[in-house]
Amino acid sequence: MSTGDRVRPFVVRRNVNRKVLAFSLLIGTTATLLTAAGHIASLYPSLRRYRRTHRQIFEKIERHGDKYDTAKLITDWKLGDADYVIDKDKRFFIEVPDPTDESPGSFAPLDYSDTDFISRYRQPGSYTTPDGETWRLYSQESKAGAQTVEIIVGFAEKAPWKMIDTTQPDLGLVDRTLEEEARKIAASLPLARTPRGGRVDGYEIVNSNTRKVFDWGPWLRPCYRQAFNSRAVVHAFTWTKATCTSPKQIRTVGSWHYR
Amino acid sequence: MPAGSLVWATVVGVATFLAGSAVARALSRRFLRGYFALMAVRVPTLDEALAGEGQRVEFKRGLSDDPTRERSAEDELLKSIAAFANTNDGAIFVGVDDSGRIIGLNFDFKQRDRFEQKVRQLVRTRIKPTPPIQVAFEDVRSLVVAKIIVARGEATAYMMGGVIYIRDGSSDVQAQPDDLKRLIVEYAY
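Line by line, the protein sequences give chains A and B.
Counting in the numbering used here, the first sequence runs from 36 upward without gaps.
Counting in the numbering used here, the second sequence runs from 16 upward without gaps.
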């Protein structure tokens with residue numbers, strides 16, 4: 036028998052093993068792709084719903100020069116919620132999530148505040164937001180353990196969701212209340228996530244160095260003005276199109292960008 | 016997508032990939048080795064084979080209907096199968112005489128099926144371990160030729176009735192001590 040004609044079993048075994056491996060990897064890849072396709076297919080109805088909601092939300096916001104009117108957005112109770120509605124250029128949070136027991140209402144990449152803006156209100160002062168609300172703001176610096184933090188408290192003087200606008204004579208009382216609440220919050224530090232600022236419409240505690248929001252309460256959107264870094268903005272804007280999902284919950288991010 | 020979701024998706028993706036691959040590997044190692052071995056065999060067509068018997072081609076007239084000669088015909092067929100499995104891939108054309116003349120098998124579809132079952136049963140019961148084979152039929156001028164394709168096996172040696180046969184040119188011969196030594200050495204390398 037000529038040597039060249041013989042096929043060694045080792046070579047056959049190796050070839051068969053290669054085919055088995057290739058086949059296994061192919062099946063593994065197919066299984067992964069099918070799982071991914073199934074997951075995406077299961078999310079698709081939600082994605083469509085969120086996309087529709089985002090579009091409706093944008094339609095409810097009207098622009099008048101540099102200002103925008105969100106009255107229709109706020110008063111339309113049938114409209115689905117977006118977690119955030121953000122003006123990317125002005126870096127203003129038109130709508131923010133409400134903190135609940137289950138969720139602190141934060142959104143890690145966006146939880147940064149502008150401490151320069153906050154420190155401007157060492158004396159109580161009024162600030163009109165781009166969407167027409169007027170807030171009375173007061174801030175103070177404090178210590179939370181080893182960290183230096185900025186505390187800002189706010190009271191909505193005039194807002195579509197307020198039954199009665201605050202009049203000029205009442206501002207003195209509002210200012211005293213703000214100062215008192217800020218002191219109370221400072222005294223309660225560094226305990227996080229406790230009910231604070233019961234007599235004001237919102238508060239925020241921000242790390243002075245990192246600008247990261249340490250704790251916050253509802254409605255105080257002005258302090259989120261220029262609140263996030265550009266990377267976060269990119270995320271927020273991108274997530275408008277691709278509703279972001281997590282295994283535990285589905286969050287939608289509505290972002291708004293004027294050109 | 017937040018980092019948590021990305022990690023979760025990656026973990027699920029990797030786990031699915033690994034689990035799918037592991038299951039496919041276990042099943043294919045158990046059930047598909049013969050199929051994969053046969054996939055690599057280059058099967059000569061009948062026209063190519065008619066050039067004559069050789070290292071990879073063997074002709075058989077058929078399995079005899081005469082009970083006294085049946086055993087002998089089966090033995091010859093099984094010897095060739097074992098020899099190919101021990102030496103190299105090959106094809107056995109049943110229905111062709113030694114001179115390469117097609118005599119054909121008088122088979123209808125039912126008989127084809129029965130023939131294939133019989134060959135597989137003979138191989139399974141009389142050759143140890145069972146080599147990878149495939150049975151096909153070719154119709155030539157209204158004559159049926161059975162083609163038994165044998166892949167070189169992965170085992171050290173395939174024995175028929177306790178004897179190891181190897182293919183030597185157009186003959187199936189008993190392995191000599193040197194051949195046995197070589198089979199054992201080649202098994203590992």
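Please keep in mind that the hints were generated in silico from the structure rather than gathered at the bench.
On a predicted model such as this, the values are computed, not experimentally measured, just so you know.
Watch out, some of these pointers could steer you wrong.
[Claimed, not checked] Which residues of chain A face chain B? A partial, calculated answer using Cβ under 7 Å: (1) Pro44; (2) Leu68; (3) Ala72; (4) Tyr147; (5) Asn242; (6) Thr245.
[What the hints assert, rightly or not] Here are the simulated lysine-lysine pairs, BS3-like style, with alpha carbons at most 30 Å apart: (7) A:Lys54 / A:Lys95; (8) B:Lys162 / B:Lys75; (9) B:Lys125 / B:Lys196; (10) A:Lys219 / B:Lys125; (11) A:Lys197 / A:Lys113; (12) A:Lys54 / B:Lys162; (13) A:Lys54 / B:Lys125; (14) A:Lys178 / A:Lys247; (15) A:Lys197 / A:Lys107.
Built from N, CA and C at the ideal position, the CB exists for glycine as well.
Checked hints:
A least Cβ separation of about 5 Å between Pro44 (chain A) and chain B falls short of the 7 Å threshold, and the interface hint therefore holds. At a threshold of 7 Å, the smallest CB-CB gap from Leu68 (chain A) to chain B is about 9 Å, leaving the interface hint violated. Annotation: interface hint on Ala72 (chain A) violated; nearest CB of chain B at approximately 12 Å, more than 7 Å. About 16 Å separates the beta-carbon of Tyr147 (chain A) from the nearest beta-carbon of chain B, more than 7 Å, and the hint is not met.
Restraint check, Asn242 (chain A) versus chain B: the minimum CB separation of about 20 Å is more than 7 Å; hint violated. A least Cβ separation of about 18 Å between Thr245 (chain A) and chain B goes past the 7 Å threshold, and the interface hint is therefore violated. Between Lys54 (chain A) and Lys95 (chain A), the direct Cα distance comes to roughly 60 Å. Violation of the 30 Å bound is thereby established for this hinted pair. Proposed proximity of Lys162 (chain B) and Lys75 (chain B) is supported: the alpha carbons are some 10 Å apart, at most 30 Å.
Our distance criterion of 30 Å between C-alpha atoms is broken by Lys125 (chain B) and Lys196 (chain B), whose separation comes to about 44 Å. This hinted pair does not check out: Lys219 (chain A) and Lys125 (chain B) have alpha carbons roughly 95 Å apart, beyond 30 Å. A C-alpha spacing of about 19 Å is found between Lys197 (chain A) and Lys113 (chain A), which places the hinted pair at or below 30 Å, so the restraint holds. Note on Lys54 (chain A) and Lys162 (chain B): the hinted pairing holds, with a Cα-Cα distance of about 25 Å set against a maximum of 30 Å.
At roughly 34 Å between alpha-carbon atoms, Lys54 (chain A) and Lys125 (chain B) are farther apart than 30 Å, so this suggested pair is violated. As the CA atoms of Lys178 (chain A) and Lys247 (chain A) are separated by approximately 15 Å, the hinted pair is consistent with the 30 Å bound. As the CA atoms of Lys197 (chain A) and Lys107 (chain A) are separated by approximately 14 Å, the hinted pair is consistent with the 30 Å bound.
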